[in-house]
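> Could you build all of it, start to finish, from the sequences and the hints given here?
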Amino acid sequence: MKQASILAQAGSRWDDKTGAVSMPVYHSSTFRHPGLGRSTGFDYSRSANPTRSVLEQTLAKIEGAENTRAFAFASGLAAIDAILRLFRPGDQILVTEDLYGGTFRLFETLFRPYGIEAKYVNTTDLAAVERALDHRVKLIFLEVPSNPLLNVADIPAIAALAKARGILTAVDNTFLTPVRQRPLELGADLAVYSGTKYLNGHDDVVAGVVATNRPELADKIAFVQNAAGAILGPQDSWLLLRGLKTLPLRLAKQEANALELAQWLSGHSAVKRVFYPGLPDHPGHEILRRQASGFGAMISFEVADPDRVPAILAGVKLFMFAESLGGVESLITFPAVQTHADMAPAIRERLGINHRLLRLSIGIEDVDDLRQDLEQALA
8 MKQASILAQA GSRWDDKTGA VSMPVYHSST FRHPGLGRST GFDYSRSANP TRSVLEQTLA
68 KIEGAENTRA FAFASGLAAI DAILRLFRPG DQILVTEDLY GGTFRLFETL FRPYGIEAKY
128 VNTTDLAAVE RALDHRVKLI FLEVPSNPLL NVADIPAIAA LAKARGILTA VDNTFLTPVR
188 QRPLELGADL AVYSGTKYLN GHDDVVAGVV ATNRPELADK IAFVQNAAGA ILGPQDSWLL
248 LRGLKTLPLR LAKQEANALE LAQWLSGHSA VKRVFYPGLP DHPGHEILRR QASGFGAMIS
308 FEVADPDRVP AILAGVKLFM FAESLGGVES LITFPAVQTH ADMAPAIRER LGINHRLLRL
368 SIGIEDVDDL RQDLEQALA
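Residue numbers (my numbering): 8 to 386.
Be careful, since some hints might not be right.
Straight-line distance between alpha carbons at most 25 Å, and here's what the computed DSS-like set of lysine-lysine pairs gives [said to hold, decoys possible]: (1) 170 / 126; (2) 252 / 68; (3) 145 / 126.
Quick list of the computed label-pair ranges, beta carbon to beta carbon [unchecked claim]: (4) 23 / 143: 22 to 28 Å; (5) 121 / 40: 34 to 40 Å; (6) 51 / 98: 28 to 34 Å; (7) 37 / 328: 20 to 26 Å; (8) 71 / 359: 31 to 37 Å; (9) 40 / 227: 24 to 30 Å; (10) 16 / 37: 28 to 34 Å.
Note that these hints are calculated values from the structure, not bench results. Where is the CB? At the ideal position from N, CA and C, for every residue including glycine.
Put into C-alpha coordinates, the structure is as follows:
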(Lines of atoms letter the chains of each structure in order from A and count residues from 1; the text may use other names and numbers.)
(Lines give C-alpha, C1' and ligand atoms only; values in the text may rest on other atoms or scores of the structure.)
Protein backbone atom coordinates (compact mmCIF):
# COMPACT_ATOMS: atom_id res chain seq x y z
CA MET A 1 0.00 0.00 0.00
CA LYS A 2 0.98 3.62 -0.49
CA GLN A 3 1.80 5.80 2.50
CA ALA A 4 -1.53 7.65 2.45
CA SER A 5 -3.48 4.39 2.72
CA ILE A 6 -1.25 3.04 5.50
CA LEU A 7 -1.66 6.26 7.47
CA ALA A 8 -5.40 6.67 6.92
CA GLN A 9 -6.09 3.21 8.36
CA ALA A 10 -3.37 3.14 11.01
CA GLY A 11 -4.61 0.97 13.88
CA SER A 12 -8.07 0.60 12.36
CA ARG A 13 -7.85 -3.19 11.92
CA TRP A 14 -5.99 -4.17 15.07
CA ASP A 15 -8.88 -4.99 17.40
CA ASP A 16 -10.35 -8.22 16.01
CA LYS A 17 -12.37 -8.88 19.16
CA THR A 18 -14.56 -5.78 18.93
CA GLY A 19 -13.84 -4.50 15.42
CA ALA A 20 -12.99 -1.04 16.78
CA VAL A 21 -12.02 1.25 13.91
CA SER A 22 -10.08 3.52 16.26
CA MET A 23 -7.14 1.84 17.94
CA PRO A 24 -7.98 1.40 21.65
CA VAL A 25 -5.92 3.21 24.28
CA TYR A 26 -4.49 0.63 26.65
CA HIS A 27 -4.14 2.47 29.96
CA SER A 28 -2.61 -0.53 31.61
CA SER A 29 0.80 -0.61 33.24
CA THR A 30 0.88 -4.40 33.47
CA PHE A 31 -0.73 -7.39 31.74
CA ARG A 32 -1.99 -10.71 33.09
CA HIS A 33 -0.03 -13.81 32.07
CA PRO A 34 -2.02 -16.76 30.63
CA GLY A 35 0.19 -19.09 32.67
CA LEU A 36 3.70 -19.70 33.95
CA GLY A 37 6.20 -19.08 31.18
CA ARG A 38 3.48 -17.79 28.86
CA SER A 39 2.84 -14.23 27.64
CA THR A 40 0.38 -12.40 25.44
CA GLY A 41 3.33 -10.45 24.06
CA PHE A 42 2.63 -7.68 26.54
CA ASP A 43 3.96 -7.92 30.09
CA TYR A 44 4.74 -4.40 31.31
CA SER A 45 4.05 -1.15 29.47
CA ARG A 46 7.58 0.17 29.69
CA SER A 47 8.65 -2.80 27.57
CA ALA A 48 5.62 -2.84 25.25
CA ASN A 49 2.10 -1.46 25.16
CA PRO A 50 -0.47 -2.33 22.44
CA THR A 51 -1.24 1.30 21.58
CA ARG A 52 2.44 2.23 21.34
CA SER A 53 3.23 -0.93 19.40
CA VAL A 54 0.67 -0.13 16.68
CA LEU A 55 2.06 3.41 16.47
CA GLU A 56 5.60 2.06 16.11
CA GLN A 57 4.54 -0.46 13.47
CA THR A 58 2.86 2.32 11.48
CA LEU A 59 5.92 4.56 11.72
CA ALA A 60 8.14 1.70 10.55
CA LYS A 61 5.94 1.01 7.51
CA ILE A 62 6.01 4.58 6.21
CA GLU A 63 9.82 4.81 6.34
CA GLY A 64 9.86 2.74 3.17
CA ALA A 65 13.05 0.73 3.75
CA GLU A 66 12.69 -3.01 4.29
CA ASN A 67 13.09 -4.52 7.77
CA THR A 68 12.54 -1.14 9.43
CA ARG A 69 11.67 -0.93 13.10
CA ALA A 70 10.57 2.26 14.84
CA PHE A 71 10.55 3.24 18.51
CA ALA A 72 8.44 5.92 20.18
CA PHE A 73 9.98 8.04 22.94
CA ALA A 74 8.75 10.68 25.36
CA SER A 75 10.26 13.52 23.28
CA GLY A 76 12.46 14.18 20.28
CA LEU A 77 15.40 14.84 22.59
CA ALA A 78 14.78 11.53 24.38
CA ALA A 79 14.97 9.86 20.96
CA ILE A 80 18.31 11.53 20.18
CA ASP A 81 19.52 10.67 23.69
CA ALA A 82 18.80 7.00 22.95
CA ILE A 83 20.96 7.17 19.81
CA LEU A 84 23.85 8.79 21.68
CA ARG A 85 23.76 5.99 24.26
CA LEU A 86 25.07 3.69 21.54
CA PHE A 87 28.49 5.35 21.89
CA ARG A 88 31.28 5.39 24.44
CA PRO A 89 33.69 7.92 26.00
CA GLY A 90 36.28 8.92 23.43
CA ASP A 91 33.90 8.63 20.49
CA GLN A 92 33.25 11.67 18.34
CA ILE A 93 30.06 12.70 16.53
CA LEU A 94 30.18 14.90 13.45
CA VAL A 95 27.20 17.24 13.59
CA THR A 96 25.39 19.75 11.37
CA GLU A 97 26.63 23.07 12.79
CA ASP A 98 23.39 25.06 12.48
CA LEU A 99 21.12 22.61 14.26
CA TYR A 100 18.29 22.92 16.77
CA GLY A 101 19.44 24.56 19.99
CA GLY A 102 17.99 21.80 22.19
CA THR A 103 20.06 19.17 20.36
CA PHE A 104 23.15 21.38 20.73
CA ARG A 105 22.45 21.65 24.48
CA LEU A 106 22.05 17.86 24.76
CA PHE A 107 25.39 17.25 23.02
CA GLU A 108 27.28 19.92 24.94
CA THR A 109 25.92 19.81 28.49
CA LEU A 110 24.99 16.15 28.93
CA PHE A 111 27.23 14.07 26.66
CA ARG A 112 30.45 16.08 26.31
CA PRO A 113 31.19 15.80 30.07
CA TYR A 114 30.98 12.01 29.65
CA GLY A 115 33.56 12.02 26.88
CA ILE A 116 31.33 11.88 23.79
CA GLU A 117 32.48 14.87 21.76
CA ALA A 118 30.44 16.64 19.11
CA LYS A 119 32.36 18.26 16.22
CA TYR A 120 30.37 20.80 14.25
CA VAL A 121 30.76 21.23 10.51
CA ASN A 122 28.95 22.79 7.58
CA THR A 123 27.34 19.60 6.32
CA THR A 124 26.29 21.26 3.05
CA ASP A 125 30.02 21.20 2.18
CA LEU A 126 30.86 17.60 1.27
CA ALA A 127 34.59 18.31 1.21
CA ALA A 128 34.44 19.80 4.71
CA VAL A 129 32.60 16.70 5.95
CA GLU A 130 35.22 14.42 4.43
CA ARG A 131 38.09 16.44 5.95
CA ALA A 132 36.50 16.20 9.39
CA LEU A 133 36.30 12.40 9.37
CA ASP A 134 38.95 10.55 11.35
CA HIS A 135 39.24 7.31 13.33
CA ARG A 136 37.41 8.75 16.35
CA VAL A 137 34.25 9.72 14.47
CA LYS A 138 31.59 7.05 14.98
CA LEU A 139 28.47 8.91 13.86
CA ILE A 140 27.49 11.68 11.46
CA PHE A 141 24.38 13.45 12.75
CA LEU A 142 22.57 15.49 10.12
CA GLU A 143 19.61 17.83 10.34
CA VAL A 144 18.00 18.08 6.89
CA PRO A 145 16.84 20.77 6.43
CA SER A 146 18.57 22.43 9.35
CA ASN A 147 16.84 24.44 12.04
CA PRO A 148 16.47 27.40 11.63
CA LEU A 149 18.50 28.24 8.50
CA LEU A 150 17.06 25.43 6.36
CA ASN A 151 20.39 24.33 4.94
CA VAL A 152 20.30 21.06 2.99
CA ALA A 153 22.91 18.32 3.24
CA ASP A 154 23.31 15.67 0.53
CA ILE A 155 22.22 12.59 2.50
CA PRO A 156 23.21 9.87 -0.04
CA ALA A 157 26.67 11.38 -0.60
CA ILE A 158 27.40 11.77 3.12
CA ALA A 159 26.01 8.33 3.95
CA ALA A 160 28.30 6.84 1.30
CA LEU A 161 31.33 8.60 2.82
CA ALA A 162 30.35 7.28 6.23
CA LYS A 163 29.74 3.69 5.11
CA ALA A 164 33.13 3.52 3.42
CA ARG A 165 34.72 4.26 6.80
CA GLY A 166 32.43 2.16 8.99
CA ILE A 167 30.70 5.25 10.41
CA LEU A 168 26.99 5.45 11.14
CA THR A 169 24.72 8.18 9.76
CA ALA A 170 21.66 9.55 11.55
CA VAL A 171 19.29 12.11 10.05
CA ASP A 172 16.91 14.34 11.97
CA ASN A 173 14.06 14.34 9.46
CA THR A 174 11.59 16.30 11.60
CA PHE A 175 10.96 19.08 9.06
CA LEU A 176 10.10 16.82 6.11
CA THR A 177 8.78 13.58 7.69
CA PRO A 178 8.79 10.25 5.82
CA VAL A 179 6.05 11.64 3.58
CA ARG A 180 8.60 13.92 1.90
CA GLN A 181 12.03 12.41 2.66
CA ARG A 182 13.04 8.90 3.70
CA PRO A 183 16.60 8.91 5.06
CA LEU A 184 16.88 5.12 5.41
CA GLU A 185 16.16 4.68 1.68
CA LEU A 186 18.85 7.31 1.01
CA GLY A 187 21.53 5.32 2.85
CA ALA A 188 21.25 6.61 6.42
CA ASP A 189 21.34 4.10 9.28
CA LEU A 190 19.01 5.96 11.62
CA ALA A 191 16.15 8.44 11.20
CA VAL A 192 15.02 10.52 14.14
CA TYR A 193 12.01 12.78 14.62
CA SER A 194 10.44 15.12 17.06
CA GLY A 195 6.99 13.56 16.81
CA THR A 196 5.73 16.69 18.55
CA LYS A 197 5.94 18.51 15.25
CA TYR A 198 4.52 17.44 11.87
CA LEU A 199 3.93 13.78 12.72
CA ASN A 200 1.39 14.83 15.35
CA GLY A 201 0.51 18.17 13.79
CA HIS A 202 -1.90 19.48 16.43
CA ASP A 203 0.34 20.94 19.15
CA ASP A 204 -1.05 18.59 21.79
CA VAL A 205 1.65 15.91 22.16
CA VAL A 206 5.36 15.81 23.01
CA ALA A 207 6.94 12.74 21.40
CA GLY A 208 10.04 11.39 19.66
CA VAL A 209 10.79 8.61 17.18
CA VAL A 210 13.85 6.61 16.14
CA ALA A 211 13.69 4.34 13.08
CA THR A 212 16.32 2.02 11.62
CA ASN A 213 16.51 -0.81 9.10
CA ARG A 214 19.69 -2.19 10.66
CA PRO A 215 18.67 -5.18 12.85
CA GLU A 216 21.64 -4.84 15.21
CA LEU A 217 20.90 -1.15 15.74
CA ALA A 218 17.20 -1.88 16.23
CA ASP A 219 18.03 -4.35 18.98
CA LYS A 220 20.26 -1.81 20.70
CA ILE A 221 17.67 0.99 20.48
CA ALA A 222 15.00 -1.39 21.81
CA PHE A 223 17.25 -2.24 24.75
CA VAL A 224 17.88 1.44 25.52
CA GLN A 225 14.17 2.24 25.23
CA ASN A 226 13.29 -0.45 27.76
CA ALA A 227 16.29 0.01 30.06
CA ALA A 228 16.21 3.81 30.28
CA GLY A 229 12.42 3.95 30.11
CA ALA A 230 11.86 7.23 28.23
CA ILE A 231 8.83 5.71 26.51
CA LEU A 232 5.79 7.37 24.98
CA GLY A 233 2.69 6.70 27.08
CA PRO A 234 -0.45 5.09 25.64
CA GLN A 235 -2.58 8.25 25.52
CA ASP A 236 0.13 10.23 23.73
CA SER A 237 0.75 7.25 21.44
CA TRP A 238 -2.93 7.31 20.46
CA LEU A 239 -2.87 11.06 19.84
CA LEU A 240 0.23 10.71 17.66
CA LEU A 241 -1.37 7.81 15.80
CA ARG A 242 -4.47 9.93 15.18
CA GLY A 243 -2.34 12.83 13.93
CA LEU A 244 -0.54 10.58 11.47
CA LYS A 245 -3.80 9.79 9.68
CA THR A 246 -3.97 13.29 8.18
CA LEU A 247 -0.22 13.93 7.77
CA PRO A 248 -0.14 13.86 3.92
CA LEU A 249 -3.12 16.22 3.68
CA ARG A 250 -1.81 18.65 6.28
CA LEU A 251 1.69 18.78 4.87
CA ALA A 252 0.48 19.36 1.29
CA LYS A 253 -1.56 22.39 2.39
CA GLN A 254 1.21 23.71 4.62
CA GLU A 255 3.76 23.42 1.80
CA ALA A 256 1.51 25.21 -0.68
CA ASN A 257 1.00 28.04 1.81
CA ALA A 258 4.73 28.17 2.58
CA LEU A 259 5.80 28.47 -1.06
CA GLU A 260 3.37 31.30 -1.72
CA LEU A 261 4.43 33.18 1.41
CA ALA A 262 8.14 32.65 0.74
CA GLN A 263 7.76 34.06 -2.77
CA TRP A 264 5.87 37.06 -1.39
CA LEU A 265 8.37 37.70 1.40
CA SER A 266 11.23 37.60 -1.11
CA GLY A 267 9.89 40.76 -2.74
CA HIS A 268 8.99 42.63 0.44
CA SER A 269 10.88 45.87 1.15
CA ALA A 270 11.06 45.14 4.91
CA VAL A 271 12.70 41.75 4.33
CA LYS A 272 16.43 41.43 3.74
CA ARG A 273 16.67 37.70 3.00
CA VAL A 274 14.40 34.62 2.85
CA PHE A 275 15.43 31.04 3.64
CA TYR A 276 13.14 28.48 2.04
CA PRO A 277 14.44 25.49 0.05
CA GLY A 278 11.42 25.57 -2.25
CA LEU A 279 12.72 28.79 -3.83
CA PRO A 280 14.88 28.06 -6.90
CA ASP A 281 17.68 30.35 -5.69
CA HIS A 282 18.04 28.50 -2.37
CA PRO A 283 21.46 26.74 -2.30
CA GLY A 284 19.88 23.41 -1.33
CA HIS A 285 16.98 23.51 -3.79
CA GLU A 286 18.40 21.06 -6.34
CA ILE A 287 19.67 18.62 -3.70
CA LEU A 288 16.28 18.50 -2.03
CA ARG A 289 14.59 18.00 -5.40
CA ARG A 290 16.73 14.87 -5.83
CA GLN A 291 16.36 13.34 -2.38
CA ALA A 292 12.88 14.49 -1.31
CA SER A 293 9.41 14.90 -2.79
CA GLY A 294 8.73 18.30 -1.27
CA PHE A 295 10.31 21.27 0.47
CA GLY A 296 8.45 21.44 3.76
CA ALA A 297 6.59 24.30 5.38
CA MET A 298 9.24 26.10 7.41
CA ILE A 299 10.43 29.58 6.40
CA SER A 300 13.06 31.76 8.02
CA PHE A 301 13.72 35.35 7.02
CA GLU A 302 15.85 38.31 8.03
CA VAL A 303 14.19 41.67 8.48
CA ALA A 304 15.94 44.71 7.09
CA ASP A 305 15.71 46.56 10.41
CA PRO A 306 16.40 44.39 13.51
CA ASP A 307 14.87 47.06 15.74
CA ARG A 308 11.50 46.17 14.19
CA VAL A 309 11.54 42.59 15.52
CA PRO A 310 9.75 43.29 18.85
CA ALA A 311 6.99 45.19 17.05
CA ILE A 312 6.57 42.40 14.50
CA LEU A 313 6.28 39.78 17.22
CA ALA A 314 3.78 41.92 19.10
CA GLY A 315 1.93 42.93 15.93
CA VAL A 316 0.97 39.57 14.44
CA LYS A 317 -2.69 38.66 14.98
CA LEU A 318 -3.11 35.34 13.17
CA PHE A 319 0.42 34.02 13.57
CA MET A 320 1.12 33.10 17.20
CA PHE A 321 4.39 34.05 18.88
CA ALA A 322 5.37 30.66 20.27
CA GLU A 323 8.05 27.99 20.16
CA SER A 324 7.65 24.62 18.42
CA LEU A 325 6.49 24.04 14.86
CA GLY A 326 4.64 21.71 12.51
CA GLY A 327 1.11 22.17 13.83
CA VAL A 328 -1.95 23.21 11.86
CA GLU A 329 -1.65 26.65 13.49
CA SER A 330 0.92 29.10 12.10
CA LEU A 331 3.64 30.18 14.54
CA ILE A 332 6.38 32.81 14.54
CA THR A 333 9.59 32.35 16.54
CA PHE A 334 12.67 34.43 17.33
CA PRO A 335 15.41 31.74 17.33
CA ALA A 336 18.22 33.85 18.85
CA VAL A 337 16.32 34.28 22.11
CA GLN A 338 14.07 31.21 22.06
CA THR A 339 15.09 27.94 20.40
CA HIS A 340 18.84 28.70 20.21
CA ALA A 341 19.46 30.67 23.40
CA ASP A 342 21.88 28.01 24.67
CA MET A 343 24.31 28.68 21.83
CA ALA A 344 27.00 31.23 22.60
CA PRO A 345 26.20 34.59 20.96
CA ALA A 346 29.40 34.48 18.88
CA ILE A 347 28.48 31.05 17.49
CA ARG A 348 24.94 32.15 16.69
CA GLU A 349 26.20 35.25 14.93
CA ARG A 350 28.73 33.31 12.88
CA LEU A 351 26.07 30.84 11.76
CA GLY A 352 23.58 33.56 10.91
CA ILE A 353 21.17 32.96 13.79
CA ASN A 354 21.16 36.67 14.45
CA HIS A 355 18.78 39.29 15.79
CA ARG A 356 17.34 39.89 12.31
CA LEU A 357 16.18 36.30 11.92
CA LEU A 358 12.59 35.18 12.40
CA ARG A 359 11.26 31.66 11.81
CA LEU A 360 7.77 30.82 10.56
CA SER A 361 5.98 27.50 10.92
CA ILE A 362 3.24 27.67 8.30
CA GLY A 363 -0.10 26.12 9.13
CA ILE A 364 -3.23 25.27 7.16
CA GLU A 365 -5.02 28.62 7.47
CA ASP A 366 -6.11 30.57 4.42
CA VAL A 367 -2.93 31.83 2.78
CA ASP A 368 -4.39 35.27 2.06
CA ASP A 369 -5.13 35.73 5.76
CA LEU A 370 -1.58 34.71 6.64
CA ARG A 371 -0.10 37.11 4.09
CA GLN A 372 -2.26 40.00 5.28
CA ASP A 373 -1.24 39.31 8.86
CA LEU A 374 2.46 39.44 7.98
CA GLU A 375 1.89 42.54 5.84
CA GLN A 376 0.31 44.53 8.65
CA ALA A 377 2.97 43.36 11.15
CA LEU A 378 5.83 44.24 8.79
CA ALA A 379 4.34 47.57 7.79
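> Would you list, in rising numerical order, the hints stated earlier that this structure does not obey?
Numbers 4, 7, in rising order.
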